[in-house]
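Visitor: Protein chains in written order, with the numbering used here: chain Y, 1 to 327; chain P, 1 to 327.
Rather than coming from a laboratory, the hints here were simulated on the basis of the structure.
One thing to keep in mind: the hints can contain errors.
[Unchecked claim] On the chain P side, residues computed to face chain Y include the following (Cβ under 7 Å):
#	residue
1	53
2	58
3	276
4	281
5	282
6	313
[What the hints assert, rightly or not] These stretches of chain Y come out as covered by chain P in the derived footprint (C-beta under 8 Å, 3 or more residues):
#	stretch
7	52-59
8	263-274
9	280-290
Positions of the beta carbon are idealized from the N, C-alpha and C atoms, including for glycine.
There are 2 protein chains.
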Amino acid sequence: MSSSTKPTMRIPSYDDVLIAHERIKPYIHETPVLTSRFLNDLTGAELFFKCENLQKAAAFKVRGACNAVFGLSDKEAKLGVATHSSGNHALSLSYAAGQRGIPVTVVMPKTAPQAKKDAVIGYGGSIVECEPSTSSREAVFAEVVAKSGADFVHPYNDPRVIAGQATCSKELLGQVENLDAVVAPIGGGGMISGTCLTLSTLAPNIKIYAAEPLNADDAARSFKAGYIIADDAPNTVADGLKVPLKDLTWHFVSNFVSDIFTATEAEIVAAMKLTWLRMKIVIEPSSAVALAVILKNPDVFKGQRIGIIFTGGNVDLDKLPWMNKLN
Amino acid sequence: MSSSTKPTMRIPSYDDVLIAHERIKPYIHETPVLTSRFLNDLTGAELFFKCENLQKAAAFKVRGACNAVFGLSDKEAKLGVATHSSGNHALSLSYAAGQRGIPVTVVMPKTAPQAKKDAVIGYGGSIVECEPSTSSREAVFAEVVAKSGADFVHPYNDPRVIAGQATCSKELLGQVENLDAVVAPIGGGGMISGTCLTLSTLAPNIKIYAAEPLNADDAARSFKAGYIIADDAPNTVADGLKVPLKDLTWHFVSNFVSDIFTATEAEIVAAMKLTWLRMKIVIEPSSAVALAVILKNPDVFKGQRIGIIFTGGNVDLDKLPWMNKLN
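This is chain Y alone, in the form it adopts within the complex (with noise of 0.2 Å):
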């Protein structure tokens, strides 16, 4: 738990993202934003969904690794980059290095899914195996930057992702007029920061909600109580949002964000499900929990012409979570 308020960083600017998307145009799709009569039927509302499940690494963490990957100068970018992370953000970061060909290292509990490992090798990734403890994490870490000068690349709390983030909602703006809101899901608090800073300059009358799983309310609790609470290890389908907010993120956060809503695990695979159903596409948990609030609370979205970001397609096709009720 922590009560710091002001983030010890620079807040990345509009600037930052324009000169972003210029950087990484060449390295990511503009994703397609896509529709479903069937969904706005159900909701009462007009649902405009942007597909960061088909960008580049099935995830729109490719927008922030490759802006902070391209933004550095040739001497910085001999020695590579780093991270901890066993999920999106490792993928997309050794995306980015491979664009670039520079090296990339990504530290990550020996007890880490090999597919995950695997999937982080295939995009040209190096992984350093650490105990799955903060403490050994952090450790192992700061030996990797330590012998290789590398680059450390935050999954979120670091303005170059942020600014890179804000790309999305800034191709959204330019591919769906008059919207109401925008949904995003929030762990970390990346995704939606990055909505913050395009919607509070281009667009300030855009409401901006947050969607969180229930079992990892961290937000929703540090939103209401006006300073962060982190929790310490939340379990829940959507395993992209168990990080905690940051000091960073909170700032966006606690500025602009009007609300965020939970979702149970139920709730987030029956959307999941019904996106697959539905939309024909493959949509991670994570990126479910955007419309589960939506289906919760039909009152306050009804009428309105609402933003979804669908933030990744990331999943184990042998692990389905609606399976795991059958076996």
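Once you've looked at the hints, dock chain P against the given chain Y.
Guide: Chain P only, in chain Y's frame:
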């Protein structure tokens, strides 16, 4: 088995395709063309996936169904439409009739999965059940048509349906330049016939390949034999491709298709899973057959620009074919 080669029905012309496209545009999506760098690297070809899984009702078959339904005079339309199908044509015709606000009756075996029946009803169709035999189906269907005067819209052997399906490759040609070949799955041959109709008119240099399950390879055997061979009850995971060619589709297949390749059940399921994994879209097994034959015959396609028709995305998410091995 039949050796008839001359169709008894009118062969649709490309003018019919132009009329069809104007007629159905308000009721269908111009579906996106997606690409995958991973699959390009894997095959050594440049692949352009025309995503009819993202079409209304998640099937290209709404094109032909809408063309038939909206081509009826008001007097004809009042009597409704009817078909026998337990697959995507049933859904698509129900969708089309719903859009025009006319009755639609689908004759379906008692034994068809409840999910299929529910889907037809969800789109506003009425179901009349028959015994799971050809004789019962034909008798029940004749009775339905006699009673209602409904217009019979055959799933594929109908010039209106073929002209509608032909709008798919018409769109594709506008979306991708300089294609060397188009690969589409073949069952009854409706999609392939439409593809032949468009390409033979607009771009006769583009080769047309059909892809078929080895377990239901009646079209491949027909192609070699030079006359229609119809299997009785082939069994394949690609359940949209079990039906035989008929006179009208045979006309197009025998005149314009360069070759027909087959894939095993395992190859089809692997291509399906690979598509979900790398492209993050939901395709049904029938859709995957085209990619399966490209993966199987790299030398035929290497270095070329290939259009692939992903024909549909209707799957039972609780019974995915790669799950069978685990249970």
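Visitor: Next, verify each hint and record whether it holds.
Guide: Going down the list of hints, with the structure as the test:
no., hint, in the structure
1, 53, "holds, 5 Å"
2, 58, "holds, 5 Å"
3, 276, "holds, 6 Å"
4, 281, "holds, 5 Å"
5, 282, "holds, 4 Å"
6, 313, "holds, 4 Å"
7, 52-59, "holds (count 3)"
8, 263-274, "violated (count 1)"
9, 280-290, "holds (count 4)"
The earlier numbered hint that this structure contradicts is number 8, and it is the only one.
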